[in-house]
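S.K.: Here the protein sequences line up with chains A and B, keeping their order.
Numbering-wise (this note's numbering), the first sequence opens with residue 19 and increments by one.
Numbering-wise (this note's numbering), the second sequence opens with residue 19 and increments by one.
Some hints could be false.
Since the list gives no way to pick out one identical chain from another, each pair is judged satisfied if it fits inside one copy or across any two copies.
Straight-line distance between alpha carbons at most 25 Å, and here's what the computed SDA-like set of lysine to any residue pairs gives [unchecked claim]: (1) K88 x L116; (2) K85 x S33; (3) K34 x L127; (4) K34 x Q101; (5) K64 x K88; (6) K128 x T98; (7) K88 x T35; (8) K85 x S47; (9) K128 x G61; (10) K37 x Y114; (11) K34 x Y104; (12) K37 x S76; (13) K64 x T35; (14) K85 x G36; (15) K74 x S131; (16) K97 x S33; (17) K97 x Y118; (18) K34 x I95; (19) K96 x S77; (20) K97 x P115; (21) K37 x T49; (22) K34 x T49; (23) K97 x N81; (24) K37 x T98; (25) K37 x E108; (26) K97 x T35; (27) K37 x Q67; (28) K37 x S47.
Hint data in this document are derived by calculation from the structure and do not stem from the laboratory.
Protein chains: 2
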Amino acid sequence: MTMTIPMPGSQVRGSKTGKPIMALLDLLSRTWALGIIWNLHSGPAKFRQLQQRCEKISSTLLNTRLKELKTLELIEIKKTGYQLSYQGIELFEIIYPLEYWSSQWAQALKEESK
Amino acid sequence: MTMTIPMPGSQVRGSKTGKPIMALLDLLSRTWALGIIWNLHSGPAKFRQLQQRCEKISSTLLNTRLKELKTLELIEIKKTGYQLSYQGIELFEIIYPLEYWSSQWAQALKEESK
DNA sequence: ATATCATGCTACAATATTTGTAGCGAAGTG
DNA sequence: CACTTCGCTACAAATATTGTAGCATGATAT
């Protein structure tokens, strides 16, 4: 486990420049990071509950990702469980249109294969 | 290399339902997938050129990801090289605001740590 | 024609990440 | 005091990614 947290401002996978977008892309392209954010948007969840929402994530990795997301302030933990932070919500709102887009995309792929 | 292409409609990592959004999140959370899309938005690029834009991707993996993205019709290949397809551009446009958002986020993180 | 070079890509071993199985210690409940 | 649930960790097995080579093809130069 040598993978470090992709802090904006420092080098990350894919860029030496330290540009925030590169740190973000590194973060989001880690297994389950997007899935966790997506699953949290429907409301706070405790550890095991979140694990179930994610269907197949190992507790080891869930915990690792939660730490990263906490450190980078995209999620926070309250009595009700883990939840998106203010910034996490903003991020989610940007990517939310992907849901509709993906349904169109799936349809187009289906047409193609006819 | 047993990882299959996350085709919408079939089971993917994170979901048995086959919902397109789950296939998409699976795809995008694979190492370098987002980076490739991001780097292609600045224009078409040939294989080795794209590899340089990505700074540190191995040719093995670049080729694997290109195949996935081609199969899922997010990129296409022309004489000028690899480029975003129409759908790829649409996808990019959804996530494009992440660039600005991430700069704000980076700033907020910096303030915090003072 | 032949040498040279760039291109897209693949083989394969080394390394890093993710999962799966098991279980611990703390906190709550009967 | 059992008994359960909770957040989390250890650690080995399975999988994904990188790094180092290099091949086959097509263009360009000699």
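S.K.: All hints are to be evaluated individually against the structure, with a verdict given for each.
M.R.: Each hint tested on the structure:
1. K88 x L116: both (24 Å within a copy, 19 Å between copies)
2. K85 x S33: For K85 and S33, both the intra-copy (22 Å) and inter-copy (23 Å) Cα distances are at most 25 Å.
3. K34 x L127: between (36 Å within a copy, 19 Å between copies)
4. K34 x Q101: between (31 Å within a copy, 24 Å between copies)
5. K64 x K88: within (14 Å within a copy, 38 Å between copies)
6. K128 x T98: Cα proximity of K128 and T98: none, with 41 Å in one copy and 28 Å across.
7. K88 x T35: within (23 Å within a copy, 29 Å between copies)
8. K85 x S47: both (16 Å within a copy, 18 Å between copies)
9. K128 x G61: neither (32 Å within a copy, 28 Å between copies)
10. K37 x Y114: Both ways: K37 and Y114 sit 23 Å apart in one copy and 14 Å across, limit 25 Å.
11. K34 x Y104: For K34 and Y104, neither the intra-copy (28 Å) nor the inter-copy (30 Å) Cα distance is at most 25 Å.
12. K37 x S76: between (31 Å within a copy, 21 Å between copies)
13. K64 x T35: between (36 Å within a copy, 23 Å between copies)
14. K85 x G36: within (21 Å within a copy, 29 Å between copies)
15. K74 x S131: Neither way: K74 and S131 sit 30 Å apart in one copy and 34 Å across, limit 25 Å.
16. K97 x S33: Result: close neither inside a copy nor across copies, 37 Å intra and 27 Å inter.
17. K97 x Y118: Cα proximity of K97 and Y118: none, with 32 Å in one copy and 32 Å across.
18. K34 x I95: neither (32 Å within a copy, 28 Å between copies)
19. K96 x S77: This pair counts as within: shortest intra-copy Cα distance 19 Å, inter-copy 44 Å.
20. K97 x P115: neither (30 Å within a copy, 32 Å between copies)
21. K37 x T49: Both, since 21 Å and 18 Å are each at most 25 Å.
22. K34 x T49: Both: 22 Å inside a chain and 17 Å across chains, each within 25 Å.
23. K97 x N81: within (17 Å within a copy, 46 Å between copies)
24. K37 x T98: Classified as neither: same-chain Cα gap 34 Å, cross-chain 28 Å, threshold 25 Å.
25. K37 x E108: both (19 Å within a copy, 23 Å between copies)
26. K97 x T35: neither (38 Å within a copy, 31 Å between copies)
27. K37 x Q67: Between. Shortest inter-copy distance 21 Å satisfies the 25 Å Cα cut-off; intra-copy 34 Å does not.
28. K37 x S47: Both: 16 Å inside a copy, 19 Å across copies.
In terms of the numbered hints stated before, the structure departs from hints 6, 9, 11, 15, 16, 17, 18, 20, 24, 26, listed from lowest to highest.
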